[in-house]
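From first to last, the protein sequence lines are chains A and B. Per the numbering used here, numbering of the first sequence is gapless, rising by one per residue and ending at 354. Per the numbering used here, numbering of the second sequence is gapless, rising by one per residue and ending at 361.
Don't read these hints as lab results, they were simulated from the structure. One should not assume that every hint holds.
Derived list of chain A stretches under chain B, where covered just means 3 residues or more per stretch with a C-beta under 8 angstroms from a C-beta of chain B [to be verified]:
| no. | segment |
| --- | --- |
| 1 | 69–78 |
| 2 | 227–238 |
| 3 | 281–295 |
Only some residues are given here: those of chain A computed to face chain B with a beta carbon under 7 angstroms [what the hints assert, rightly or not]:
| no. | residue |
| --- | --- |
| 4 | 178 |
| 5 | 218 |
| 6 | 222 |
| 7 | 223 |
| 8 | 277 |
Just so you know, even glycine gets a beta-carbon here, dropped at the ideal spot from N, CA and C.
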Amino acid sequence: MKKALLGATLGALALGLSAAPNMAKADEIGACLITKTDINPFFVKMKEGATAASVALGIDLSTYAGKVDGDHETQVQAIESCIASGAKGILLTASDTKSIVSVVKKAQDAGLIVIALDTPLEPIGAADATFATDNFKAGELIGQWAAAKLGDKAADAKIAMLDLTPSAPSVDVLRDQGFMKGFGIDIKDPNKIGDEDDDRIVGHDVTNGNEEGGREAMENLMQQDPEINVVYTINEPAAAGAYEALKAFGMEKDVLIVSVDGGCPGVLNVRDGVIGATSQQYPLDMAYKGMEAIKAWADTGKKPANTEGLNFYDTGVNLVTDQAADGVPSIDVEEGMNRCWG
Amino acid sequence: MSDHAQTSRQKQDFEQTLESSDSSVAQFEHKQRNLFDSVQHFLHGNPTMVPIIVLVFSIVIFGFVAGAKFFSPFNLSLIMQQVSVIGILAAAQSLVILTAGIDLSVGAIMVLMSVIMGQLAITLGVPAPLAIAIGCVGGIAAGAMNGFLVTRIKLPPFIVTLGTWNIFFALNLWLSGAQSIRSQTLDEIAPLLKFFGESIAFGGARITYGSILMLVVFGVLWYILNHTSWGRHVYAIGDDKEAAELSGIRTNRTLIMVYGLAGLVCGIAAWASIGRVGSVSPQSFQEANLQSITAVVIGGISLFGGRGSIIGPLIGALIVGVFNSGLRLAGVDVLWQVFAIGWLTIIAVAIDQWIRKVSA
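Could you put the whole structure together from the sequences, leaning on the hints where they help?
Encoded structure:
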């Protein structure tokens with residue numbers, strides 16, 4: 013904690029120092045990008061998009077990140093530093109989507125536009141705009157694909173659900189429930205994981221979104237039912253772990269793995285047959301469009317509009333697979349590779 | 002004759018008083034031991050018995066609750082696989098805790114070394130055996146750095162390893178670019194890195210080389226700690242560092258070696274973790290530091306140093322594995338597994354405290 017505090021202080025200091033010459037340089041627009049962590053390639057790509065936009069649009073960008081996913085304190089300090097620096101807007105992927113709202117309000121009162129990237133705040137209206145992947149749709153696409161792939165056999169599929177964490181953040185719920193809906197399962201309450209009573213779902217386990225967790229969760233669910241033939245995974249590292257477990261069971265050929273993200277290693281795994289299909293999202297676009305929105309806000313005072321029928325701006329999602337299924341739109345691995353992140 | 006006369010003479014006053022007093026030699030008061038005290042004494046002499054009893058009981062209970070699936074050789078060997086990496090880390094952690102220290106950086110050292118092994122072998126094309134050796138030597142260096150800061154700069158182990166945990170973590174992200182090296186790439190270029198993921202079938206059970214490695218690591222450390230003078234020094238330092246110093250043990254040198262050895266074990270764990278996970282994953286094992294401490298504590302090694310058997314943490318890691326597997330097969334939600342392990346840890350420390358209070 014002390015270290016984080018020191019980092020934030022140093023950051024604020026550096027910002028203060030760099031603000032002086034900037035003021036002389038007329039009124040360059042300031043913006044901040046605050047991500048959950050620097051670990052995840054997803055956020056690394058986001059930073060790339062924001063940096064590219066800052067150069068193209070002539071915006072002065074400062075970036076901050078929490079130490080680990082869930083590091084709420086650092087994000088609060090980052091927003092406070094950002095307000096103090098006189099920036100025009102903040103791009104934020106919140107770690108704690110509820111608690112961050114009060115400090116977001118402070119920034120808005122100080123005249124900044126706050127745009128949530130990837131992760132909606134709770135309530136979603138607390139941010140001026142949200143640029144995100146439609147995670148429910150991302151799940152739905154792989155669900156539809158898996159069902160179409162199995163054809164008649166979908167009626168007696170055995171499905172393992174590899175989720176994120178026990179706390180089940182919104183992205184976890186949306187992808188999980190989206191997949192089931194796409195597969196044709198009655199999901200009951202769409203805000204709750206695990207309340208369905210369809211026998212085809214063997215169980216839900218958590219992976220922490222990495223290979224080790226994916227492997228262990230897969231092993232556990234295989235112990236509950238060795239006849240699993242469909243595996244939903246929260247992201248591609250978890251999918252890679254699940255594949256290793258299946259390989260150890262000698263079952264990697266008989267099981268369909270689907271995932272979400274579209275990172276480059278994930279798309280390579282689609283090419284190599286580890287993952288059947290994955291829903292690709294576009295963090296670079298999120299950040300780039302977010303920066304454009306801050307520029308528009310600074311120039312004209314206009315806020316971005318939502319995608320029709322949704323309460324946020326959908327930055328798009330595509331199903332990546334080389335085994336296209338009837339009635340499910342998809343792009344092939346080659347195009348997926350061209351647009352992948354990480 | 003006169004002797005007889007003397008003894009038969011009238012006894013003097015003080016002699017009479019003496020005669021009626023207690024004539025036994027001075028000794029400690031003997032408290033009547035009840036069953037409770039006997040148990041306490043027995044456990045004081047055999048601290049590893051607590052985790053062994055807990056392990057046996059939990060296997061029996063989960064055998065009833067979760068049924069035949071739990072008891073299958075396959076599931077029991079799977080539990081071994083699942084705890085192998087944390088088990089090896091717990092062995093490293095035990096070494097440090099036996100000296101009344103703590104090492105928060107074991108998990109970070111392990112992940113960093115696995116990334117170093119992977120990057121050397123895959124990106125730079127270093128032959129796999131050399132990459133693995135460099136990773137193990139790196140582990141020794143990282144551990145020795147902890148030891149140096151603890152002994153020479155005289156900083157508390159908690160603070161030192163809290164700092165190096167962050168440092169190693171940052172280096173891991175820098176070297177890996179936060180990207181995993183895929184399983185397929187490893188198979189193609191350096192399959193040796195995945196050696197410990199391979200397994201031998203044994204009547205329904207599937208025992209990975211990683212599980213065997215864990216047992217070997219514990220066996221070697223058990224021998225070193227119990228049958229070499231260096232090992233006895235480690236216990237002596239943990240029990241009372243000043244007394245150890247006064248009796249001629251070069252405590253600082255021994256401590257640096259303890260941290261270095263722990264680092265080497267982390268390097269070995271790094272190799273095992275690549276086999277277990279199947280890829281080089283900079284994001285896996287984020288909680289390994291704390292899981293290793295949990296295994297050590299449940300295994301009955303005292304956090305105050307100098308007490309407990311190195312075999313304890315092996316049992317501790319297995320208990321955690323048995324609980325997780327059993328609860329899951331019984332259909333219990335994930336968060337209750339976390340809940341159960343939390344209580345188990347607290348109860349383990351409470352039992353340790355109670356045993357330490359043993360009266361003669």
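Here is what the structure says about each hint:
no. : hint    : verdict
1   : 69–78   : violated (count 0)
2   : 227–238 : holds (count 6)
3   : 281–295 : holds (count 3)
4   : 178     : holds, 5 angstroms
5   : 218     : holds, 5 angstroms
6   : 222     : holds, 4 angstroms
7   : 223     : holds, 4 angstroms
8   : 277     : holds, 5 angstroms
When held up to the earlier numbered hints, the structure conflicts with hint 1 and nothing else.
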